[in-house]
Amino acid sequence: DSGVTQTPKHLITATGQRVTLRCSPRSGDLSVYWYQQSLDQGLQFLIQYYNGEERAKGNILERFSAQQFPDLHSELNLSSLELGDSALYFCASSRTAVWSPYNEQFFGPGTRLTVL
Amino acid sequence: AQKVTQAQTEISVVEKEDVTLDCVYETRDTTYYLFWYKQPPSGELVFLIRRNSFDEQNEISGRYSWNFQKSTSSFNFTITASQVVDSAVYFCALSITGANSKLTFGKGITLSVRP
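So the sequence lines, in the order shown, correspond to chains A and B. Sequence positions in the first sequence follow my numbering and run 1 to 116. Sequence positions in the second sequence follow my numbering and run 1001 to 1115.
Chain B extracted, bound-state conformation:
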């Protein structure tokens, strides 16, 4: 069975601070995909990034960066110079190849960015 753990439940930072959201996953499959989704107060789920298990290259997209480390089964997300608009719940999710591609989500991290 797959499992995603987001140990942090709530994080509060002041605008312009950097913040890292942690994600640890468990799976016995060798081929899998990891995701981050953002859920702003409006409620919709916004896709941020997808990473497959064979690609450990870190990725940077503007103020967002992701650090994937298979050795520690972690896929952490860093927001640089946070902004108030980054306030949201962030979910890490895992999907394995196979008969279906359901997403297994972590519990989510509520990020509050104060002006």
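One chain only, chain A, in its complex shape:
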């Protein structure tokens, strides 16, 4: 158990809908990362938050947005869903925003999103 929790574990929805994925980082971790794992794109970095502020953006679609709340949990919002958004969405957390030898990323169990 990495200490990172993600809810829900599975989500099935229809095209055009909007969903929210939730992530609670490990105790003491200030940085949260979102990754998407899809069959065609593999594992891709989406976005990073550090202590409530957006720190870096990767290949995140404009239909997707995220935020990190004062209690450090994070939510990834996916809207106008398309079939191609079906994927496993991982959240990871680390102590700080920048890399150091002791700033390992711990991954949650993922949320499997199926868009029908």
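Incorrect hints may have been included.
Said to hold, decoys possible - Listed below are the simulated DSSO-like cross-link pairs for lysine-lysine, each with C-alpha atoms no more than 30 Å apart in a straight line:
(1) B:Lys1107 x B:Lys1038
(2) B:Lys1070 x B:Lys1038
(3) A:Lys57 x B:Lys1003
(4) B:Lys1016 x B:Lys1107
(5) B:Lys1070 x B:Lys1003
(6) B:Lys1070 x B:Lys1107
(7) A:Lys57 x B:Lys1070
(8) B:Lys1003 x B:Lys1107
(9) A:Lys57 x A:Lys9
(10) B:Lys1016 x B:Lys1038
(11) B:Lys1003 x B:Lys1038
(12) B:Lys1016 x A:Lys57
(13) B:Lys1107 x A:Lys57
(14) B:Lys1038 x A:Lys9
(15) A:Lys9 x B:Lys1070
Stated by the list, open to error - Covered stretches of chain A (in silico footprint by chain B; criterion: 3 or more residues with CB under 8 Å from a CB of chain B, positions within the stretch not fixed):
(16) 35–45
(17) 87–96
Please keep in mind that the hints were generated in silico from the structure rather than gathered at the bench. Keep in mind it's a predicted model, so treat the numbers as computed, not measured. For glycine and all other residues, C-beta sits at the position ideal for the given N, C-alpha and C.
Mind docking chain B on chain A? Use the hints.
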């Protein structure tokens, strides 16, 4: 930009065989970190090892060993005496120091170990 290439997509071995998973990376940064993660059929990502760019010492942990060679930009992973429980997708990843520490992953290698 960073890139990680795992040229092998699927490998199938018989139990007790040794297997090496290849990883080649690209980065212009001189300070970076390399990782291997395992994703079993249950789906979670399990951290296996981290290596920084200044430490080319090979590492052995039980049946697992890693060979890091900066000259060829490779960070290969060997499983000795493979077991059925080793069946999983293995990802190599790269992170550079800087404004953020996002991981750039390779496409993954699906390893199947047959009894």
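So, going through the hints one by one against the coordinates:
Restraint check for lysine 1107 of chain B and lysine 1038 of chain B: the C-alpha separation of about 12 Å stays at or below 30 Å, so the hint holds. Among the hinted pairs, lysine 1070 of chain B with lysine 1038 of chain B is consistent with the structure: their alpha-carbon atoms are about 23 Å apart, no more than 30 Å. Distance restraint check for lysine 57 of chain A and lysine 1003 of chain B: the Cα-Cα separation of roughly 17 Å lies within the 30 Å cut-off, and the hinted pair is therefore satisfied. Taking the CA atoms of lysine 1016 of chain B and lysine 1107 of chain B, the gap is about 26 Å. The hint holds against a cut of 30 Å.
Taken as a hint, the lysine 1070 of chain B and lysine 1003 of chain B pair is honoured in the structure, with Cα atoms around 15 Å apart against an allowance of 30 Å. Proximity of lysine 1070 of chain B to lysine 1107 of chain B is assessed by CA-CA distance (about 21 Å); at most 30 Å being required, the pair is judged to hold. Proposed proximity of lysine 57 of chain A and lysine 1070 of chain B is supported: the alpha carbons are some 28 Å apart, at most 30 Å. Under the criterion of a C-alpha separation no larger than 30 Å, the hint pairing lysine 1003 of chain B with lysine 1107 of chain B is consistent with the structure, at around 10 Å.
Distance restraint check for lysine 57 of chain A and lysine 9 of chain A: the Cα-Cα separation of roughly 24 Å lies within the 30 Å cut-off, and the hinted pair is therefore satisfied. Pair hint lysine 1016 of chain B plus lysine 1038 of chain B holds up; C-alpha atoms about 19 Å apart against a cutoff of 30 Å. A C-alpha spacing of about 19 Å is found between lysine 1003 of chain B and lysine 1038 of chain B, which places the hinted pair at or below 30 Å, so the restraint holds. Of the pairs offered as hints, the one joining lysine 1016 of chain B and lysine 57 of chain A is violated, with about 43 Å between alpha carbons and a cut-off of 30 Å exceeded.
For the hint pairing lysine 1107 of chain B with lysine 57 of chain A, the CA-to-CA distance comes to about 20 Å; that is within 30 Å, so the pair holds. Taken as a hint, the lysine 1038 of chain B and lysine 9 of chain A pair is honoured in the structure, with Cα atoms around 19 Å apart against an allowance of 30 Å. Taking the CA atoms of lysine 9 of chain A and lysine 1070 of chain B, the gap is near 39 Å; set against the 30 Å cutoff, the hint is violated. With 5 residues having a beta carbon nearer than 8 Å to a beta carbon of chain B, the segment 35–45 of chain A meets the requirement of three or more and the stated coverage holds.
Restraint check on the segment 87–96 of chain A versus chain B: 4 residues with Cβ-Cβ distances below 8 Å, three needed, restraint holds.
Checked against the numbered hints above, the structure breaks hints 12 and 15 and satisfies the rest.
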